[in-house]
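Colleague: Letter by letter, the chains look like this.
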Amino acid sequence: MKSHASAGRRRIMATAVTAIAAAVALVASGCSAGPSADEPITLTFWKYQDPVQQPVLEALIEKYNSEHDNVKVELETFPFDQYLAEKVTTAMSAGTGPDVFWVSAATVLNFAPQGLLTPLQDRFTEDLRGDFLPQALESITFGDDIYGIPHEMGLQGMLYDKGLFESEGVEVPASWDELKAASAELKTANRSGILLPTNPDVFQNFIWWPFLWSAGGEVVDDGWSKALINQPEGVAALQLWADLMADGAAAPKSSGAFGDELGQGTVAMAALGMWPVSNLAANYPDLQVGAAPLPIPDGGTPSAAFGGWYTAVSAASEHQEEAKDFAVWLFAEDTQNAVDLTTAMTTLSPRISVTEELQKLPAFQAEPLAGFLPIWQTARPEPAYPAEINKAVTDALQAVMFSGTDAQTAADAAAAAIDTYLASPDGEQIRSLVQK
Amino acid sequence: MIASSLTVGPSPRRRAHRGAGEGRAAWVLVLPDVLGLCLIYVGPILFTIYLSFFSWNGISPQRTFVGFDNYRYIFSDPVWMRSLGVSFAYLLMYVPLVTGGALFLAVLLAQKLRGTALFRTIFFLPMAVPVVVAAIVWQFIFQPSYGFVNFLLQSVGLPAQPWLSSPQQALVVVVLVSAWKQVGYFMIIFLAAILAVPKDYLEAASLDGAGSFRRFWSITWPTIRPTTAFVVVMTSIIALQDFDQIFVLTKGGPDYGTYVQVYYIYEQMLRYLHMGPASAASVVLFLIIMVLSIAQIRLLRGGRDAD
Chain C
31 MKSHASAGRR RIMATAVTAI AAAVALVASG CSAGPSADEP ITLTFWKYQD PVQQPVLEAL
91 IEKYNSEHDN VKVELETFPF DQYLAEKVTT AMSAGTGPDV FWVSAATVLN FAPQGLLTPL
151 QDRFTEDLRG DFLPQALESI TFGDDIYGIP HEMGLQGMLY DKGLFESEGV EVPASWDELK
211 AASAELKTAN RSGILLPTNP DVFQNFIWWP FLWSAGGEVV DDGWSKALIN QPEGVAALQL
271 WADLMADGAA APKSSGAFGD ELGQGTVAMA ALGMWPVSNL AANYPDLQVG AAPLPIPDGG
331 TPSAAFGGWY TAVSAASEHQ EEAKDFAVWL FAEDTQNAVD LTTAMTTLSP RISVTEELQK
391 LPAFQAEPLA GFLPIWQTAR PEPAYPAEIN KAVTDALQAV MFSGTDAQTA ADAAAAAIDT
451 YLASPDGEQI RSLVQK
Chain S
3 MIASSLTVGP SPRRRAHRGA GEGRAAWVLV LPDVLGLCLI YVGPILFTIY LSFFSWNGIS
63 PQRTFVGFDN YRYIFSDPVW MRSLGVSFAY LLMYVPLVTG GALFLAVLLA QKLRGTALFR
123 TIFFLPMAVP VVVAAIVWQF IFQPSYGFVN FLLQSVGLPA QPWLSSPQQA LVVVVLVSAW
183 KQVGYFMIIF LAAILAVPKD YLEAASLDGA GSFRRFWSIT WPTIRPTTAF VVVMTSIIAL
243 QDFDQIFVLT KGGPDYGTYV QVYYIYEQML RYLHMGPASA ASVVLFLIIM VLSIAQIRLL
303 RGGRDAD
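Protein chains in written order, with the working numbering: chain C, 31 to 466; chain S, 3 to 309.
The shape of chain S in the complex, shown without the other chains:
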């Protein structure tokens, strides 16, 4: 805001007089951040777009301009197509799981019961554990031959499952691990929104005879809608960018079962040294995330405006 009111060009004398010193100070103060953003985000994004039109092994000095060849390469690569399917399956499991789970936990914690502070901490704790460390522990839990989950299943008479050695179930496991880590963070966000719902509305509804479910559905849920929109957009972005726990638990396998888009990019770049296709796939993923986010924001915000 400050920056935009101080763009170059002549401005009314009065405003200039009042704002010039402050403006310069503001510029100087935001400069490190802006420079940091440019260096860390904008620069690499532009460089990636640039690289997506070149053939380059990432090491040698020469790059060859190849136009849209890298895009043609990934679109005709069956592995890329397969990976896109895996990423969307991941997204479809992850977003409802984390959004629903976080909302459910937040609703529980919003009840004024004993020990909520403790549970809030417990649910948030996974955020503080490095994902690589957590993934190693999860590996033991979902180990097919002697893991804890199979032990539990067998102790209640259910058959043991292959988990990390089945392409389908391995995807479920990597989704669960990431969801376990993220759910506490989004729970806190939901909790803040729920606690900000005006008490008068809820009390009035109680007096009118609304039960707890009805109060949630008719008052809390519509009121926290912007928060829900935010959580859905954020979890979708996370779902399409997840990588770490997959690298530790499955290396993209078994048989491409967890080979998400970022894994494809990683291998194109660092295993094959195909910087061009890796960059093209990054640009495509960037566009997918952007379009999806815009669509989600429109859809969810549009709903609120109509209310």
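With the rest of the complex left out, here is chain C:
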């Protein structure tokens, strides 16, 4: 009996030891898998998930891999909400980040000043530099270094339900006053006049910038020495959004950046831009989308920003040259690559040669995309503000839209937060980077 029991115990122990040993071996073998001499090197390429971009990028990567025996590019995509903040940041801090990845204007300052991105200016020939809109390259240049390759230019504008405007006999608003009047007129129990972004994030700021700029306002002065957002122009732009919300003219909650509310008939207009056009056409074939410039205040200047995503190379990549080769090949060499991507996305490109090609395509000559063409050369890229400045602006928007805070009070609070940041060592560092 006794020996039997101890044999049982020995067996349990032996099993447990074997199991642990097997587990350890498994982990160890997983860690030690490295490239052997004759295998091609693998480059990982990360971006956010997007069904429209996916097939284009898969085809381009397949083409690249078939043309290059020594390199194999692997595409990995992540849910948009988690992509930059969680996936890229945590992977880079763990040293397991991608070789090449897409970075947004709103977050590039999290990476560039820390030396986490590889400067790419040595790949920008005179010809290539000349092919980009100067403002697009400037927005990604810090000091003398270019940190990314811009590949899209989703211009902002007002999308509207054309059938509704025609049947109601309402004119498309061109001024802020007309916007308020039209929103109020088209509002019903189940429909809001206009869709503005409501979530507290950088997309809300992005859509608000042209309202600020068209009033003549700026967030900070040219030298990034002090906040200007609490000047009368900034306060007026905040007040407009507050009024639209308070009147019930604006939708109380927005679904995101793709304006599905237009297709569902729950809003008459949406302050968005070119990028939802392909999705709206695919998902809501009955909807007739109209496009117009964003309304401006009396005596204001028409303004639009374009969204910023860039292809960047991680400074931690073990294959710097190959990663740079691929990043440049993707959207800075053959025009057709960029044409394929932007055609699918229904956006223009900050590369002049690409947008010239796009303008010849039927889709861009027809409404609603044709409405965006006249403004593309003067549009401003999304400013690369650090998170602290973006947050101060979002806070002001949230306060005036949802808590009924007075616009001047909210603007003063934002200015105080921005000035505090600009006076800090971090602010000092950013100032030295952005000054040309």
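Keep in mind that a hint or two might mislead.
Claimed, not checked - Partial chain C-side listing against chain S, Cβ under 7 Å, derived:
no. : residue
1   : T119
2   : N140
3   : L146
4   : N220
5   : N229
6   : D231
7   : T296
8   : F432
9   : S433
Stated by the list, open to error - Result set (BS3-like, lysine-lysine): computed pairs, CA atoms no more than 30 Å apart in a straight line:
no. : chain 1 : residue 1 : chain 2 : residue 2
10  : S       : K253      : C       : K217
11  : C       : K354      : C       : K117
12  : C       : K102      : C       : K354
13  : C       : K117      : S       : K253
14  : C       : K93       : C       : K117
15  : C       : K210      : S       : K253
16  : C       : K192      : C       : K210
17  : C       : K217      : C       : K192
18  : C       : K102      : C       : K117
19  : S       : K253      : C       : K256
20  : C       : K192      : C       : K390
21  : S       : K201      : S       : K114
In short, the hints are calculated from the structure, not lab data.
This one's a predicted model, so the numbers in the text were calculated from it and none came from an experiment.
Note that beta-carbon positions come from the ideal geometry of N, C-alpha and C, so glycine has one too.
Mind docking chain S on chain C? Use the hints.
Modeller: Chain S alone, transformed into the frame defined by chain C:
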């Protein structure tokens, strides 16, 4: 227990002889769990405490020791203070709602009626739905302009409410969504406790003429007190750690209305790359939860001992 009886050092020969083989086997068997716990919980907790004394962006190799600066930073940050208020408002709504709701459902299901198994499943089902998926559905239900709840309100003549576009009501919505998910789990726990109450007591009380409310109040309620204590402690911990449905439904807004402590930590860490303040806020939240849990356990257990 096994492990503690086998700590190092000389032990009586008799005990050693009887226990050594078993002990070694026990150690080997618990080792994966202990290692797992150390790796997954203890390690990160210690690392967080360590990081709370450093200035670090989470990515670059250099960290600077800054003493208690990160703690000073969060205590003087008005956003942190505001977030603390939101977390306590969340706690005050969530704990009574889930504890009371779970107890109420458990009492109903403890009646031997037809279909209780079906209802038990229905109430428990939300536990099995990923919270992110559920939150997307709830978003439609509480949509301010065309949501189902407003449709119901309006159909009985009540005014539509802003829900997710009001800082105050949005907090109520995120509490409801989490409560909806958790209530079934705690219902099962209460139900097990109620069914374990000795039948003799209840029958004796019936014979003495006690009504159903009196039987519950005088017999069931005192008997299940340890379970109630457990549920209150657990729901308090959950309330102070909730995040997922807030991330999906409100992103902490509108205007900080749902900006709970974990959202503050999340943004400090992943939006600003302020690992130091994020770690300090995590340590403070850890301490708040620990103190609150100990106080609750003492209070509720102390009550039972006095009985």
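Colleague: State for each hint whether it applies.
Modeller: Hint by hint, here is what the structure shows:
Look at T119(C): its Cβ gets to within about 6 Å of chain S, closer than 7 Å, so that hint holds up. Checking N140(C) against chain S by beta carbon gives a least distance of about 6 Å; that is within 7 Å, so the hint holds. A hinted interface residue such as L146(C) counts as satisfied when its beta carbon comes closer than 7 Å to some beta carbon of chain S; here the least separation is about 6 Å, so the hint holds. At its closest, the beta carbon of N220(C) sits 6 Å from a beta carbon of chain S; the interface hint therefore holds under the 7 Å criterion.
This hint holds: N229(C) has a C-beta 5 Å from the nearest C-beta of chain S, less than the 7 Å allowed. For D231(C), the shortest C-beta to C-beta distance to chain S is roughly 6 Å, which falls under 7 Å, so the interface hint holds. At about 6 Å, the closest approach between the beta carbon of T296(C) and any beta carbon in chain S falls short of 7 Å, and the interface hint on this residue holds. Annotation: F432(C) was flagged as interfacial toward chain S, and the flag holds, the nearest CB pair being 4 Å apart, inside 7 Å.
Interface restraint check for S433(C): the shortest CB-CB distance to chain S comes to about 5 Å, inside 7 Å, so the restraint holds. For the proposed pair K253(S) and K217(C), the alpha carbon gap of about 27 Å is at most 30 Å, so the pair holds. The hinted pair formed by K354(C) and K117(C) meets the criterion: a straight-line CA distance of about 21 Å does not exceed 30 Å. Using a Cα cut-off of 30 Å, the hinted pair K102(C) and K354(C) holds, with the two alpha carbons roughly 14 Å apart.
As the CA atoms of K117(C) and K253(S) are separated by approximately 18 Å, the hinted pair is consistent with the 30 Å bound. For the given pair, K93(C) sits about 27 Å from K117(C) by alpha-carbon distance, which is consistent with the 30 Å threshold. Distance hint between K210(C) and K253(S) is fulfilled; the C-alpha atoms sit about 28 Å from each other, no more than 30 Å. Only pairs whose Cα atoms come within 30 Å are accepted, and K192(C) paired with K210(C) is accepted, the gap being roughly 18 Å.
Annotation: proposed proximity of K217(C) to K192(C) holds, straight-line Cα distance about 15 Å (limit 30 Å). Taking the CA atoms of K102(C) and K117(C), the gap is near 22 Å; set against the 30 Å cutoff, the hint holds. The suggested pairing of K253(S) with K256(C) holds, with an alpha-carbon distance near 29 Å, which does not exceed 30 Å. Under the criterion of a C-alpha separation no larger than 30 Å, the hint pairing K192(C) with K390(C) is consistent with the structure, at around 24 Å.
In summary, the hint linking K201(S) to K114(S) is supported, as the alpha carbons are separated by about 13 Å, within the 30 Å threshold.
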